Amino acid sequence: MKTNAQLEAYLSKLDRALSSLPVSDRAEILIEIKSHVLSAMERDPHQSIGALIAALGEPELVANKYLMERGNAPVKPPISPVVKWLVMGFLGTLALFLFFAGTLMWKFSPLLQVDEKNERVRILGGLIDVDGKAGQAKIGSSTLSGSFELDADWSDSESVRFEGTNPVDPTKRAIDVRFTNGKFEVKTSETEKFGWDCRSKAKGETRPRLEAGVLLFDFSGMKGVRCDLSVPREASLLLKGTNGNLEINEPEFHLDARLVNGNIEIAPADDEHYRVDLSVVNGSSDSFDSSDDPKAYRLTAQLTNGRITKEK
Amino acid sequence: MLGTVFNMIPSGENWKTQIRKGYIELCVLLLIRAHTRIYGFDLIEKLSVSELAVKEGTLYPLLSRMTTDGLLSANWEMEAVKGHPRKFYSLTRAGNRALDEMVGEFERMVRTFERLAQAEKGTK
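Protein chains in written order, with our numbering: chain H, 1 to 312; chain X, 1001 to 1124.
Among these hints, one or two may not hold up.
Unchecked claim - As a list, the in silico PhoX-like pairs of lysine-lysine whose alpha-carbon atoms are at most 25 Å apart: (1) H:LYS295 - H:LYS193; (2) X:LYS1021 - H:LYS76; (3) H:LYS193 - H:LYS240; (4) X:LYS1046 - H:LYS65; (5) X:LYS1055 - H:LYS13; (6) H:LYS138 - H:LYS117; (7) X:LYS1055 - H:LYS65; (8) X:LYS1046 - H:LYS34; (9) H:LYS76 - X:LYS1055; (10) H:LYS34 - H:LYS13; (11) H:LYS13 - X:LYS1087; (12) X:LYS1055 - H:LYS34; (13) H:LYS201 - H:LYS187; (14) H:LYS65 - X:LYS1087; (15) H:LYS76 - H:LYS13; (16) H:LYS65 - X:LYS1016; (17) X:LYS1055 - X:LYS1021; (18) H:LYS240 - H:LYS295; (19) H:LYS240 - H:LYS172; (20) H:LYS34 - X:LYS1087; (21) H:LYS201 - H:LYS138; (22) H:LYS65 - X:LYS1021.
Unchecked claim - Computed footprint of chain H on chain X; a stretch qualifies when at least three of its residues, placed anywhere within it, have a C-beta under 8 Å from a C-beta of chain H: (23) 1057–1069; (24) 1083–1091.
Hint data in this document are derived by calculation from the structure and do not stem from the laboratory. The structure displayed is predicted, hence computed values, not measured ones. Backbone N, C-alpha and C define an ideal beta-carbon position, used for all residues, glycine too.
Work out the full structure: start from the sequences and follow the hints.
Shown next as structure tokens:
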């Protein structure tokens, strides 16, 4: 049964390829080809029908030989199965790629969404979600590093307040502030001392220490901190951390802010010039006037996931 | 050895195809005349025994064309025991005349070739 089906399928293709010949000629050709296969099977019953048909050649090629022997135009040769599979494979891969690319674009759009009113930054369609009011920063379904509070009520009895001042090294005049979660409002100090007025949900307090001429203030171990910092004129301040909100008011000092997840607000002093160097990854920035004056204060910020705003 | 030489000629395969075409036609007619009547499958086997392999897809279109040209006559016959029809070919009068001319022409060609080959050997 299978033998006949294979043979009939072959003869059917051959018949189609010979369609330009008269019906009687086609019938004679098909009967003769069938007779050939049956004769071959009689001679060797163990021979497979597939092998016999393969020996005949592709039906379109056989038909072309009949047509060309009679001076007729050949039919279009069949596409090689290898080429056919290559084309199908290419088109299939392309379709899959476009499908996944479309899904990713749909899933992760818009790429960046900044909601200043609600202190929220959503990146890649919410894959990274920095929520200032809720006090959370998330990547996917995982919270990054606990919670942080930016504008919470710090005056309640549960928070711990600590404040103080510390002179900076007169030569280096460098201050290094590290944090994990927090909000910092920074202004220019009226004195030659670095000042801080902080509240923290954590018990205990931290104090600055001088290391190799640098005044180091490390808030990394504190769960949420809010500080007002005062920086002496001409000093250099490094503010480095994750999940935060930085407000820099009329700086008359050199600033180097490096933040991952959050916002940086800078209010330049009207009568000062700055050498501005800002870089943002996954976010946006207002434009600032930059001076070439080598004596101008350096205003450097590197922000990942968030927005740099110019306050007037 | 000959195959290697052909592969060295850019159009070697094409040359072989051209020369084989007329040669196969001649041999097929010779075989049919030798057996008076013969069917396709049998013809392929006999060609193969004579070390002239011809594919089915080449022979049947050739037989069909020579029948159309009036060189061959074809008759369907039912085999007594197995019961499937077979198409037997025999030479027509025109086919016999054509074959005589073809044989004569081929023999002349062979003689010419042998003379040229001999002369070439003499120059070496």
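Violating hint indices (sorted, rising): Violated hints: none at all, because every hint is consistent with the structure.
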